[in-house]
Amino acid sequence: MSSSYLTSVLIWLPIGGAVLIWLLPLSRYATGSLALLISLAEVGFWIRQAAHFDFSQPGLQMEERANWFGDLGVSYHVGVYGFSLWLVGLTVVGMAACTAYGFWVGRDRPRAYFGLMLLLTGATVGVFESQDLLLFYAFFEAMLIPLYILIGVWGGARRMEATIKFVIYTMSGSLLMLAAIVVYGLQAGTFDLVDGPMSGSRWLFLGFMVAFVIKAPLFPFHGWLPDAYREAPPEVAAVLSGVIAKAGLYGMLRIAITKFPDPTSFYRTTVLALAAAALVYGSLLAFRSPDFRGVVAYSSLAQSGLIALGLFAGTDLGFDGAVLQMVAHGLISISLFLIAGAVERRTTTGEFRLLGGMARGRPALATLLMTVGVISLAVPGSAAFAGEFLILAGVFQRDWWWAAIGAGAIVLAAMYMLRLISAVLHEARGSTVSDEALDLRPGELALVVPLVAGLLFLSAWPAGISSHAFAPDSPTAAVRSQFK
Amino acid sequence: MINTPSIDWFGLSPILALVGTAFLALLCAVVVPRAGRRLAAASISAVGFVAGIVLSIWLYVDSANGHTIVAGAFYRDRWTALSQVILCGIGLVTTLLAFEHVPGWRTYADLARRDDHVAEFFALLLASGAGMAFFVGAANLMVLFLALEWFSIALYVMCAIDYELEGSLEAGLKYLVVGSFGAGALLFGSALVYGATGKISFDGIASAIGSQGLTGDTFVVTGIALMIAGLGFKMSAAPFHMWTPDVYEGAPTTVTAWMGSATKVAALLLTFRVMTTAFPQNQHLWGWAFAIIATVSLAIGNFAALVQRNVKRILAYSAIAQAGFMLIGLSAGSALGGRALMYYLIPYSAAAFGSFAVVAARERELGVPVTLEHLAGFGWERPFLGVAMWFFVFGFAGLPLGGGFVGKFYVFAAAYQHGWVWLVIVGVLATLISLYYYLAIVRAMYMRPTAELGLRPAVTGGAPAKETLLHVAVGAALVVSVGSLFAVQPLIDLARDAASALPL
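Protein chains in written order, with the numbering used here: chain A, 1 to 484; chain B, 1 to 504.
Note that these hints are calculated values from the structure, not bench results.
Owing to the predicted nature of the structure, the values given are computational and were not obtained by experimental measurement.
Hints may contain errors.
What the hints assert, rightly or not - From the structure, some residues in chain B lie toward chain A, with a derived Cβ separation under 10 angstroms:
hint	residue
1	Y163
2	D246
3	V421
4	Q489
Glycine included, every Cβ here is placed at the ideal spot set by N, Cα and C.
I would like the entire structure built from these sequences, with the hints used as guidance.
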């Protein structure tokens with residue numbers, strides 16, 4: 001297909017842009033503009049890719065393949081499926097919003113900062129597009145490097161501990177995955193994800209899964225999450241929970257479930273239990289959390305659990321709902337973290353006991369937070385409702401009690417989200433909220449409004465994603481055929 | 001009348017070029033006035049190494065059918081030639097580094113006196129390079145030992161060349177004592193093997209062991225063990241590593257950069273050749289021995305590096321751990337293992353050289369040994385060197401920023417193909433531990449404000465502040481270490497052709 005170059009462009013344009021930004025001695029303003037331009041170009045290229053994507057065809061599209069090192073069967077092989085297309089879209093849109101946020105707040109050391117943001121964009125797109133295990137691993141690891149520096153340099157006061165924890169947790173998972181990749185690839189004689197055979201090895205399945213459950217994360221592998229989300233700059237926390245966490249869930253779908261059907265059945269109950277635990281425990285922690293970011297962080301844990309529940313239900317509805325929910329939660333979480341950043345900039349804190357009463361005189365902030373919050377707590381008619389409903393229906397087909405647990409957790413979601421909204425917007429005015437604290441500025445609105453508009457669009461037409469993720473096959477059939 | 005063997009001069013030409021330029025560089029000490037001595041000696045050294053690179057590439061192309069030359073004393077094959085290309089490449093960048101970072105600059109406030117012994121330094125650099133180039137092609141036990149002593153003696157002197165500095169003298173002495181012990185073990189082992197087989201050539205030993213059924217012979221087994229110990233000293237693998245941190249720390253940083261990369265290349269590549277050529281029947285023994293040495297090196301190198309503050313010591317322990325990774329490939333003893341080892345050494349030697357060169361720049365800036373605290377703010381003050389260091393240490397850690405990632409992947413693949421999943425797991429765990437101290441270097445460079453430094457950067461020794469050549473050398477190392485990630489196939493093809501010269 002003539003438009004297959006887009007697949008590689010989406011990966012290498014931001015990486016090339018990062019190198020360019022590091023090399024050119026541009027001013028702060030020019031650097032930020034260039035980075036923003038590149039991330040908007042990414043969005044443009046993605047729209048073009050989506051327009052050329054043929055949803056009536058099964059299998060990999062816009063494929064590109066080149067030799068990397070042939071003696072072990074490793075190649076540069078990229079391409080997109082329906083569901084990866086949506087995740088790439090989430091990445092480029094989310095990264096554009098977060099890069100713009102960094103530009104808006106004027107981060108120090110702009111060349112380093114924007115270069116790293118672009119590098120992160122390229123690596124994350126690479127994860128969702130690579131169809132070779134080693135290439136996938138390389139991008140999966142490459143995401144970690146800019147994140148490490150972004151949190152470590154531009155993060156909060158306790159950033160050192162946060163970065164160490166984050167890196168050690170995620171690397172211990174991904175190195176076990178590397179061992180699994182070596183064994184799988186040498187047994188199969190190829191590292192290609194499309195050509196590679198299915199495997200029945202439980203050890204290999206666990207090797208892959210440990211990396212994904214840490215990245216997602218699921219209970220009890222979430223130890224790095226609260227620190228990283230609190231100490232990271234808001235836009236980096238937004239990327240972490242909105243986009244990077246989805247890489248772990250994507251890996252479960254693309255590799256663990258697809259290539260290891262028998263181990264998936266064997267460990268299904270275990271993974272569902274971990275996912276349910278993440279969902280309930282995350283929701284409870286979010287309800288008890290004393291600050292804005294804590295609520296969003298733990299709700300991300302809960303949402304990862306919910307999505308994993310959908311994936312490991314192994315039913316059509318579950319897969320469709322999981323993909324929809326990945327995108328919907330990505331947008332929700334990015335919006336919420338950016339709003340949290342806006343609130344923190346005005347009040348210097350995210351702690352609820354110091355906040356409150358911000359709705360008065362700040363209609364834009366109040367409206368946006370309210371809208372995102374209501375979508376997030378899965379009010380009927382919202383995108384998150386569609387996603388959660390599909391997931392619960394899917395997991396209900398597996399066993400009714402999983403759905404019961406999930407439904408219970410959704411009540412908890414309403415509790416923590418309403419608590420967040422009232423603690424920030426309503427109640428008595430907090431001690432840090434001064435009258436001078438402005439409403440959202442046009443610049444900030446320009447970042448958050450498109451994300452919310454995307455959410456409203458998905459609320460109106462959730463089938464836009466849920467029916468176009470695995471088409472034209474049914475999801476289970478597509479997974480069984482290994483997306484060939 | 002003694003019958004002289006016919007000599008293939010072309011086969012020896014890289015070594016001869018290095019030896020010849022070594023003599024010329026030494027002459028500079030006498031002939032060239034002090035003002036121009038550094039430039040003259042360094043130029044000669046650069047010419048020598050460039051000639052070495054060109055000739056060994058030529059030899060690589062021209063030696064598709066590997067054979068021994070000079071009456072079976074030396075291998076003219078692609079394994080030798082490729083090793084020599086790598087060694088001469090390291091030599092060339094070391095020359096660039098040494099031009100601005102002459103050992104001795106810390107001692108002399110008087111600029112003029114600094115260049116007193118500069119010609120000797122370059123002569124020793126060329127001589128040790130020649131010794132290593134000779135070493136990697138050794139085809140019998142005699143040449144092996146001679147070449148080992150040849151480059152070792154040059155290195156002993158280079159370590160101690162900053163003789164008004166306590167650390168340097170101490171390093172030289174330590175290296176001399178421990179190194180002699182290693183050489184002694186190697187010599188004793190060689191003697192035992194010769195005693196058992198009556199042969200000194202590697203293939204002669206293999207056929208004697210095969211035809212006389214000496215696989216389990218006490219002399220042969222003890223001899224192999226002692227040879228492994230002797231070579232283990234040179235590659236600084238645990239438990240033969242005790243000298244490494246002290247010597248790397250004490251030696252002038254330029255010398256450390258040269259030793260840390262080149263000696264390892266020579267020792268590991270030669271060891272692979274000796275083991276696969278002379279002792280293929282004993283692979284079950286040396287394979288296990290190296291697997292255990294690899295495990296011990298990974299454990300000791302990584303755990304010890306965790307608690308270091310001095311950056312040169314961290315890098316020294318990291319070098320021990322990296323030897324462990326490369327020994328994983330070596331212990332597999334297969335064609336894939338040989339490829340893995342050869343490939344791994346390319347980004348590794350670039351990163352090892354480059355990281356020490358960056359330390360050298362910081363050392364000059366501050367005039368004190370560089371600890372982690374002293375790196376505070378360095379990444380922002382010297383962006384190019386900071387980013388390069390970033391790539392080097394992440395390359396060591398096996399993150400996909402450089403060829404180190406693919407190298408690790410290859411050695412793990414070799415271990416798995418050999419049936420040693422446990423060794424893969426050991427490697428994975430070791431990588432995980434190593435992250436902590438590699439990240440500590442990045443953390444120190446970028447995440448701490450300069451205010452924490454508590455030291456005023458002061459250029460000592462009246463050195464040129466611009467350090468253009470240092471940047472060129474670091475840039476070259478960076479290009480190799482990152483480029484090897486993208487050019488895996490061509491490099492692997494080279495390594496495969498080189499390894500095809502070995503009886504695998």
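How the hints compare with the structure:
1. Y163: 41 angstroms, violated
2. D246: 29 angstroms, violated
3. V421: 7 angstroms, holds
4. Q489: Interface hint status for Q489/B: holds (5 angstroms vs cutoff 10 angstroms).
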